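Quick note on numbering: the sequence shown equals residues 1 to 321 in this note's numbering.
Errors might be hidden in some of the hints.
[As the list claims (entries may be wrong)] Listed next, the in silico SDA-like pairs over lysine to any residue satisfying Cα-Cα at most 20 Å (straight line): (1) 169 <-> 128; (2) 57 <-> 36; (3) 98 <-> 63; (4) 39 <-> 89; (5) 163 <-> 89; (6) 98 <-> 46.
[What the hints assert, rightly or not] Label pairs and their calculated CB-CB ranges: (7) 194 <-> 79: 37 to 45 Å; (8) 132 <-> 191: 23 to 31 Å; (9) 229 <-> 201: 39 to 47 Å; (10) 185 <-> 217: 41 to 49 Å; (11) 113 <-> 53: 36 to 44 Å; (12) 198 <-> 91: 49 to 57 Å; (13) 81 <-> 144: 23 to 31 Å.
Everything labelled a hint here was simulated from the structure, so no lab data went into it. Computed from a prediction, not measured in an experiment: that's the story for all the values here. Note that CB positions come from ideal geometry on N, CA and C, so glycine has one too.
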Amino acid sequence: MAVGLIVAIVLVVVALILFGTSIRIVKQATGVVVERLGKYHKTLDTGIHFILPLFDKTLPAISLKERVADFQPQPVITKDNVTMQIDTVVYFQVTDVKLFTYGVERPIAAIENLTATTLRNIVGELELDETLTSRDTVNTKMRAILDDATDPWGIKINRVELKNILPPKDIQDAMEKQMRAERERREQILKAEGEKKSSILVAEGEKESVILRAEAEKQRVMLAAEAEKAKLIAEAEGKAKAIELVNKANPNAAYVTLEGYEALKILADGQATKIVVPSEIQNISGLLASVSEVIKTDTPKSQSATAKKEVAKETTAKKTK
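All chains, please: the whole structure from these sequences, using the hints.
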(Lines of atoms letter the chains of each structure in order from A; the text may use other names.)
(Lines give C-alpha, C1' and ligand atoms only; values in the text may rest on other atoms or scores of the structure.)
Protein backbone atom coordinates (compact mmCIF):
# COMPACT_ATOMS: atom_id res chain seq x y z
CA MET A 1 0.00 0.00 0.00
CA ALA A 2 2.78 2.41 0.93
CA VAL A 3 4.79 1.53 -2.15
CA GLY A 4 1.83 2.17 -4.41
CA LEU A 5 1.27 5.58 -2.80
CA ILE A 6 4.91 6.57 -3.30
CA VAL A 7 4.80 5.51 -6.93
CA ALA A 8 1.65 7.53 -7.45
CA ILE A 9 3.21 10.59 -5.89
CA VAL A 10 6.33 10.22 -8.06
CA LEU A 11 4.20 9.88 -11.18
CA VAL A 12 2.22 13.00 -10.27
CA VAL A 13 5.39 14.99 -9.68
CA VAL A 14 6.88 13.81 -12.96
CA ALA A 15 3.65 14.65 -14.75
CA LEU A 16 3.67 18.15 -13.25
CA ILE A 17 7.29 18.64 -14.27
CA LEU A 18 6.60 17.47 -17.80
CA PHE A 19 3.53 19.65 -17.98
CA GLY A 20 5.50 22.67 -16.79
CA THR A 21 8.24 22.11 -19.31
CA SER A 22 5.70 21.81 -22.10
CA ILE A 23 4.45 25.32 -21.54
CA ARG A 24 6.42 28.12 -23.26
CA ILE A 25 5.49 31.83 -23.00
CA VAL A 26 6.94 34.14 -25.66
CA LYS A 27 7.26 37.88 -24.83
CA GLN A 28 6.30 40.78 -27.08
CA ALA A 29 8.73 41.60 -29.94
CA THR A 30 10.58 38.30 -29.60
CA GLY A 31 10.64 35.01 -31.45
CA VAL A 32 11.60 31.48 -30.36
CA VAL A 33 12.78 28.61 -32.54
CA VAL A 34 11.58 25.09 -31.62
CA GLU A 35 13.66 22.05 -32.59
CA ARG A 36 12.21 18.55 -32.45
CA LEU A 37 14.81 15.87 -32.10
CA GLY A 38 17.48 18.32 -33.23
CA LYS A 39 15.64 19.48 -36.34
CA TYR A 40 13.88 22.79 -36.90
CA HIS A 41 10.19 22.34 -36.10
CA LYS A 42 8.56 25.78 -35.87
CA THR A 43 8.87 29.36 -34.68
CA LEU A 44 6.88 30.54 -31.67
CA ASP A 45 5.35 34.01 -31.84
CA THR A 46 4.19 36.21 -28.99
CA GLY A 47 1.88 34.39 -26.53
CA ILE A 48 1.59 31.01 -24.77
CA HIS A 49 2.52 27.75 -26.52
CA PHE A 50 2.67 23.99 -25.74
CA ILE A 51 5.50 21.76 -26.85
CA LEU A 52 6.22 18.04 -26.43
CA PRO A 53 8.42 17.40 -23.43
CA LEU A 54 11.60 15.43 -24.06
CA PHE A 55 11.08 15.72 -27.84
CA ASP A 56 10.93 19.48 -28.45
CA LYS A 57 13.65 21.95 -27.50
CA THR A 58 13.38 25.74 -27.55
CA LEU A 59 16.34 27.93 -28.42
CA PRO A 60 17.03 31.30 -26.71
CA ALA A 61 14.55 34.04 -27.59
CA ILE A 62 15.59 36.42 -30.34
CA SER A 63 14.65 40.11 -30.16
CA LEU A 64 12.73 41.54 -33.10
CA LYS A 65 13.42 45.17 -32.11
CA GLU A 66 15.59 47.46 -34.18
CA ARG A 67 19.20 47.27 -33.05
CA VAL A 68 22.15 49.62 -33.31
CA ALA A 69 25.66 48.39 -34.07
CA ASP A 70 28.45 50.93 -33.58
CA PHE A 71 31.57 49.57 -35.27
CA GLN A 72 35.14 50.63 -34.64
CA PRO A 73 36.93 52.98 -37.11
CA GLN A 74 38.19 51.26 -40.21
CA PRO A 75 41.21 52.37 -42.32
CA VAL A 76 40.03 53.36 -45.79
CA ILE A 77 42.06 54.53 -48.79
CA THR A 78 40.50 57.07 -51.16
CA LYS A 79 40.98 57.25 -54.91
CA ASP A 80 43.71 59.90 -54.51
CA ASN A 81 45.63 57.63 -52.07
CA VAL A 82 44.68 59.32 -48.81
CA THR A 83 44.27 56.98 -45.85
CA MET A 84 41.60 57.94 -43.36
CA GLN A 85 39.72 56.39 -40.45
CA ILE A 86 35.95 55.98 -40.81
CA ASP A 87 33.60 54.46 -38.26
CA THR A 88 30.04 53.51 -39.12
CA VAL A 89 26.75 52.98 -37.31
CA VAL A 90 24.33 50.36 -38.66
CA TYR A 91 20.64 50.18 -37.72
CA PHE A 92 19.20 46.73 -38.41
CA GLN A 93 16.27 44.52 -37.43
CA VAL A 94 15.63 40.75 -37.41
CA THR A 95 12.74 39.96 -39.72
CA ASP A 96 13.03 36.13 -39.87
CA VAL A 97 13.96 34.26 -36.70
CA LYS A 98 14.67 30.98 -38.51
CA LEU A 99 17.04 32.56 -41.05
CA PHE A 100 18.73 34.58 -38.32
CA THR A 101 19.28 31.39 -36.29
CA TYR A 102 20.52 29.17 -39.09
CA GLY A 103 21.69 31.67 -41.73
CA VAL A 104 25.09 32.77 -40.46
CA GLU A 105 27.34 32.19 -37.48
CA ARG A 106 27.79 35.30 -35.31
CA PRO A 107 25.54 37.65 -37.34
CA ILE A 108 26.86 40.89 -35.72
CA ALA A 109 30.47 40.05 -36.61
CA ALA A 110 29.35 39.18 -40.13
CA ILE A 111 27.60 42.56 -40.49
CA GLU A 112 30.69 44.39 -39.19
CA ASN A 113 33.00 42.71 -41.69
CA LEU A 114 30.55 43.20 -44.53
CA THR A 115 30.24 46.91 -43.61
CA ALA A 116 34.02 47.37 -43.59
CA THR A 117 34.55 45.77 -47.00
CA THR A 118 31.63 47.63 -48.55
CA LEU A 119 32.89 50.93 -47.17
CA ARG A 120 36.35 50.35 -48.61
CA ASN A 121 34.90 49.57 -52.03
CA ILE A 122 32.73 52.70 -52.14
CA VAL A 123 35.28 55.15 -50.72
CA GLY A 124 37.99 53.71 -52.96
CA GLU A 125 36.09 55.14 -55.93
CA LEU A 126 35.92 58.64 -54.44
CA GLU A 127 38.54 61.32 -53.88
CA LEU A 128 39.09 62.99 -50.51
CA ASP A 129 36.91 66.03 -51.15
CA GLU A 130 34.10 63.87 -52.55
CA THR A 131 34.26 61.58 -49.53
CA LEU A 132 33.95 64.51 -47.13
CA THR A 133 31.04 66.09 -49.02
CA SER A 134 29.16 62.95 -50.13
CA ARG A 135 28.15 61.30 -46.88
CA ASP A 136 24.54 60.91 -47.96
CA THR A 137 25.60 59.20 -51.18
CA VAL A 138 27.90 56.80 -49.33
CA ASN A 139 25.21 56.06 -46.73
CA THR A 140 22.61 55.27 -49.39
CA LYS A 141 24.91 52.96 -51.37
CA MET A 142 26.04 51.10 -48.25
CA ARG A 143 22.48 50.57 -47.00
CA ALA A 144 21.36 49.13 -50.34
CA ILE A 145 24.36 46.78 -50.59
CA LEU A 146 24.14 45.60 -46.97
CA ASP A 147 20.40 45.09 -47.16
CA ASP A 148 20.72 42.82 -50.18
CA ALA A 149 23.58 40.88 -48.62
CA THR A 150 21.81 40.30 -45.29
CA ASP A 151 18.47 39.15 -46.68
CA PRO A 152 19.50 35.44 -46.50
CA TRP A 153 20.31 35.99 -42.81
CA GLY A 154 16.83 37.25 -41.95
CA ILE A 155 18.16 40.76 -41.27
CA LYS A 156 16.78 44.06 -42.56
CA ILE A 157 19.24 47.01 -42.78
CA ASN A 158 17.26 50.17 -42.08
CA ARG A 159 19.99 52.83 -42.04
CA VAL A 160 23.74 53.20 -42.34
CA GLU A 161 25.51 56.35 -41.11
CA LEU A 162 29.13 57.44 -41.34
CA LYS A 163 29.77 58.55 -37.78
CA ASN A 164 33.25 60.07 -38.09
CA ILE A 165 35.68 60.70 -40.94
CA LEU A 166 39.21 61.31 -39.67
CA PRO A 167 41.80 62.30 -42.31
CA PRO A 168 45.53 62.27 -41.46
CA LYS A 169 46.92 65.09 -39.33
CA ASP A 170 48.71 66.84 -42.21
CA ILE A 171 45.55 66.71 -44.31
CA GLN A 172 43.57 68.22 -41.45
CA ASP A 173 46.10 71.05 -41.10
CA ALA A 174 45.96 71.75 -44.85
CA MET A 175 42.16 71.75 -44.77
CA GLU A 176 42.13 74.17 -41.83
CA LYS A 177 44.49 76.53 -43.67
CA GLN A 178 42.32 76.30 -46.76
CA MET A 179 39.20 77.03 -44.74
CA ARG A 180 40.91 79.96 -43.03
CA ALA A 181 41.99 81.39 -46.39
CA GLU A 182 38.48 80.94 -47.75
CA ARG A 183 36.99 82.77 -44.78
CA GLU A 184 39.48 85.61 -45.19
CA ARG A 185 38.67 85.83 -48.89
CA ARG A 186 34.96 86.03 -48.16
CA GLU A 187 35.64 88.67 -45.52
CA GLN A 188 37.59 90.78 -48.02
CA ILE A 189 34.84 90.38 -50.60
CA LEU A 190 32.14 91.41 -48.14
CA LYS A 191 34.25 94.35 -46.99
CA ALA A 192 34.83 95.50 -50.58
CA GLU A 193 31.15 95.17 -51.39
CA GLY A 194 30.30 97.18 -48.29
CA GLU A 195 32.73 99.97 -49.25
CA LYS A 196 31.36 99.94 -52.80
CA LYS A 197 27.79 100.31 -51.60
CA SER A 198 28.87 103.03 -49.19
CA SER A 199 30.62 104.98 -51.98
CA ILE A 200 27.59 104.59 -54.23
CA LEU A 201 25.26 105.86 -51.50
CA VAL A 202 27.55 108.83 -50.80
CA ALA A 203 27.75 109.68 -54.52
CA GLU A 204 23.99 109.40 -54.90
CA GLY A 205 23.53 111.63 -51.87
CA GLU A 206 25.89 114.26 -53.30
CA LYS A 207 24.14 114.04 -56.66
CA GLU A 208 20.72 114.57 -55.10
CA SER A 209 22.12 117.43 -53.02
CA VAL A 210 23.51 119.17 -56.12
CA ILE A 211 20.23 118.66 -57.96
CA LEU A 212 18.24 120.05 -55.06
CA ARG A 213 20.53 123.09 -54.78
CA ALA A 214 20.25 123.71 -58.54
CA GLU A 215 16.46 123.43 -58.40
CA ALA A 216 16.37 125.79 -55.42
CA GLU A 217 18.56 128.32 -57.28
CA LYS A 218 16.33 127.98 -60.32
CA GLN A 219 13.24 128.61 -58.24
CA ARG A 220 14.91 131.60 -56.61
CA VAL A 221 15.87 133.14 -59.98
CA MET A 222 12.38 132.51 -61.38
CA LEU A 223 10.72 134.06 -58.33
CA ALA A 224 13.08 137.05 -58.48
CA ALA A 225 12.34 137.51 -62.20
CA GLU A 226 8.61 137.28 -61.59
CA ALA A 227 8.90 139.80 -58.74
CA GLU A 228 10.90 142.20 -60.96
CA LYS A 229 8.35 141.73 -63.73
CA ALA A 230 5.48 142.46 -61.38
CA LYS A 231 7.35 145.54 -60.09
CA LEU A 232 7.93 146.92 -63.60
CA ILE A 233 4.31 146.23 -64.57
CA ALA A 234 3.10 147.97 -61.43
CA GLU A 235 5.37 151.00 -62.08
CA ALA A 236 4.25 151.19 -65.71
CA GLU A 237 0.61 150.92 -64.73
CA GLY A 238 1.16 153.63 -62.09
CA LYS A 239 2.78 155.99 -64.61
CA ALA A 240 0.03 155.31 -67.14
CA LYS A 241 -2.61 155.97 -64.48
CA ALA A 242 -0.84 159.19 -63.48
CA ILE A 243 -0.67 160.39 -67.08
CA GLU A 244 -4.34 159.47 -67.55
CA LEU A 245 -5.31 161.42 -64.44
CA VAL A 246 -3.25 164.43 -65.55
CA ASN A 247 -4.88 164.39 -68.99
CA LYS A 248 -8.34 164.18 -67.46
CA ALA A 249 -7.55 167.11 -65.12
CA ASN A 250 -6.69 169.34 -68.17
CA PRO A 251 -3.72 171.06 -66.47
CA ASN A 252 -3.17 174.81 -67.05
CA ALA A 253 0.05 176.49 -68.18
CA ALA A 254 1.23 177.13 -64.63
CA TYR A 255 1.19 173.39 -63.77
CA VAL A 256 2.96 172.52 -66.98
CA THR A 257 5.61 175.16 -66.29
CA LEU A 258 6.09 173.84 -62.78
CA GLU A 259 6.61 170.34 -64.09
CA GLY A 260 9.11 171.68 -66.58
CA TYR A 261 11.11 173.18 -63.75
CA GLU A 262 11.08 169.88 -61.93
CA ALA A 263 12.44 168.14 -65.05
CA LEU A 264 15.11 170.81 -65.38
CA LYS A 265 16.04 170.28 -61.74
CA ILE A 266 16.51 166.54 -62.32
CA LEU A 267 18.57 167.24 -65.43
CA ALA A 268 20.77 169.65 -63.49
CA ASP A 269 21.49 167.00 -60.85
CA GLY A 270 23.37 164.89 -63.47
CA GLN A 271 27.05 164.92 -64.37
CA ALA A 272 26.68 167.44 -67.18
CA THR A 273 28.79 170.61 -66.86
CA LYS A 274 26.79 172.62 -69.41
CA ILE A 275 23.03 172.68 -70.11
CA VAL A 276 21.38 174.49 -73.05
CA VAL A 277 17.84 175.59 -72.20
CA PRO A 278 15.42 177.19 -74.77
CA SER A 279 14.55 180.82 -74.27
CA GLU A 280 10.83 180.09 -74.25
CA ILE A 281 10.83 178.32 -70.92
CA GLN A 282 7.10 178.94 -70.55
CA ASN A 283 6.44 176.61 -73.42
CA ILE A 284 6.49 173.11 -71.88
CA SER A 285 6.84 171.50 -75.25
CA GLY A 286 10.03 173.46 -75.79
CA LEU A 287 11.22 172.48 -72.36
CA LEU A 288 10.65 168.78 -73.01
CA ALA A 289 12.50 169.12 -76.34
CA SER A 290 15.48 170.94 -74.80
CA VAL A 291 18.89 169.76 -75.68
CA SER A 292 21.36 168.94 -73.01
CA GLU A 293 24.88 169.37 -74.21
CA VAL A 294 27.26 167.53 -72.02
CA ILE A 295 30.88 168.46 -71.99
CA LYS A 296 32.88 166.68 -69.38
CA THR A 297 36.43 167.77 -69.00
CA ASP A 298 37.44 164.97 -66.64
CA THR A 299 35.58 162.03 -68.16
CA PRO A 300 36.89 159.53 -70.73
CA LYS A 301 36.13 159.85 -74.44
CA SER A 302 33.67 156.98 -74.25
CA GLN A 303 31.43 159.00 -71.87
CA SER A 304 31.64 162.10 -74.17
CA ALA A 305 30.49 160.00 -77.09
CA THR A 306 27.55 158.72 -75.06
CA ALA A 307 26.55 162.30 -74.16
CA LYS A 308 26.72 163.33 -77.84
CA LYS A 309 24.40 160.47 -78.78
CA GLU A 310 21.87 161.61 -76.18
CA VAL A 311 22.00 165.23 -77.52
CA ALA A 312 21.47 163.93 -81.04
CA LYS A 313 18.43 161.92 -79.91
CA GLU A 314 16.90 164.99 -78.20
CA THR A 315 17.53 167.15 -81.29
CA THR A 316 15.83 164.61 -83.49
CA ALA A 317 12.84 164.47 -81.17
CA LYS A 318 12.59 168.30 -81.19
CA LYS A 319 12.62 168.46 -85.00
CA THR A 320 9.93 165.78 -85.16
CA LYS A 321 7.65 167.80 -82.88
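Here's how the hints hold up against the structure:
no. : hint                    : in the structure
1   : 169 <-> 128             : 14 Å, holds
2   : 57 <-> 36               : 6 Å, holds
3   : 98 <-> 63               : 12 Å, holds
4   : 39 <-> 89               : 35 Å, violated
5   : 163 <-> 89              : 6 Å, holds
6   : 98 <-> 46               : 15 Å, holds
7   : 194 <-> 79: 37 to 45 Å  : 41 Å, holds
8   : 132 <-> 191: 23 to 31 Å : 29 Å, holds
9   : 229 <-> 201: 39 to 47 Å : 42 Å, holds
10  : 185 <-> 217: 41 to 49 Å : 48 Å, holds
11  : 113 <-> 53: 36 to 44 Å  : 40 Å, holds
12  : 198 <-> 91: 49 to 57 Å  : 53 Å, holds
13  : 81 <-> 144: 23 to 31 Å  : 27 Å, holds
Of the numbered hints stated above, the single one contradicted by the structure is hint 4.
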